[in-house]
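Student: Residue numbers for the sequence shown follow this note's numbering, beginning at 4 and rising by one.
By construction, these hints were calculated from the structure, which means they are not laboratory data.
Idealized CB from N, CA, C, for every residue including glycine.
A few of these clues could be false.
Below 16 Å or equal to it, Euclidean Cα-Cα: the simulated EDC-like pairs (lysine to aspartate or glutamate) are [said to hold, decoys possible]:
| no. | residue 1 | residue 2 |
| --- | --- | --- |
| 1 | K77 | E51 |
| 2 | K83 | D122 |
| 3 | K83 | D95 |
| 4 | K83 | E51 |
| 5 | K77 | D114 |
| 6 | K83 | D114 |
| 7 | K83 | E69 |
| 8 | K118 | E79 |
| 9 | K77 | D106 |
| 10 | K58 | E69 |
The following label-pair restraints were derived from C-beta to C-beta distances [claimed, not checked]:
| no. | residue 1 | residue 2 | range |
| --- | --- | --- | --- |
| 11 | E167 | G94 | 44 to 50 Å |
| 12 | E79 | G54 | 21 to 27 Å |
| 13 | P97 | G54 | 20 to 26 Å |
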Amino acid sequence: GLRGEDGHGDIEDQAPWRGDEHTLPMYGLQKTFQHQLLMTPTLFHGPEARGEAVKLSLQVGRPLAEPLGDQGLKVEDSRKVVSLSHNSGVGDKPPSIVLGPLDRATPEASDALLKTLEDLQEAPLRICLWATDLAGVAPTIRSRTFQKWCPPSSQYIDPLSHLEEDAQDLND
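Given the sequences, and given the hints that come with them, work out the whole structure.
Tutor: In structure tokens, the structure reads:
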């Protein structure tokens, strides 16, 4: 399952609606809270963010398309999400889509995505977002997502590592 912010345990195990002492018995709040968490898009950030977003899209749904925006999110990508949102998917899983990197999105694409996130809150489409640098994502989008840090794995190779020796030479 998904790991909690501290990197330990499944999010589902850490969720406040789990366990007798944490249930919300009145007014169906337990079910409402659980539904909101599932419907809130997850924004993965860090070196392994894209891969984690793809994994989640496969866990929570059936991807409708290849990840969108790999060269930097454009307005057309956000519009494509809107057109795909009306697709109910195939089979027993809801439709899902991966979008990113949001830290390289144009301002117009961020605005269009924000509107999309607001409009699709009740749609079946599960949106999995990713960015390399969380600080580069518009604050309005960050505030409408569940954020998950994706640290580098032991196999991660920094794409700028080939410049390390040149940078060291400049310092000497």
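Student: If a hint holds in the structure, say so; if it doesn't, say that too.
Tutor: Right, here's what the structure says about each hint:
The suggested pairing of K77 with E51 is violated, with an alpha-carbon distance near 22 Å, which exceeds 16 Å. Proximity of K83 to D122 is assessed by CA-CA distance (about 14 Å); at most 16 Å being required, the pair is judged to hold. Distance check on the hinted pair: K83 and D95 sit about 23 Å apart at the alpha-carbon level, beyond 16 Å; violated. For the proposed pair K83 and E51, the alpha carbon gap of about 25 Å is over 16 Å, so the pair is violated.
Taking the CA atoms of K77 and D114, the gap is about 10 Å. The hint holds against a cut of 16 Å. The straight-line distance between the Cα atoms of K83 and D114 is roughly 14 Å, inside the 16 Å bound, and the hint therefore holds. Proposed proximity of K83 and E69 is supported: the alpha carbons are some 12 Å apart, at most 16 Å. Restraint check for K118 and E79: the C-alpha separation of about 13 Å stays at or below 16 Å, so the hint holds.
At roughly 12 Å between alpha-carbon atoms, K77 and D106 fall within 16 Å of each other, so this suggested pair holds. Straight-line distance between C-alpha atoms of K58 and E69 comes to about 13 Å, which keeps the hinted pair within the 16 Å bound. As the Cβ distance of E167 to G94 is approximately 46 Å, the hint placing it in 44 to 50 Å holds. At roughly 24 Å, the beta carbons of E79 and G54 sit within the given window of 21 to 27 Å.
Taking the beta carbon of each, P97 and G54 are about 21 Å apart, inside 20 to 26 Å as hinted.
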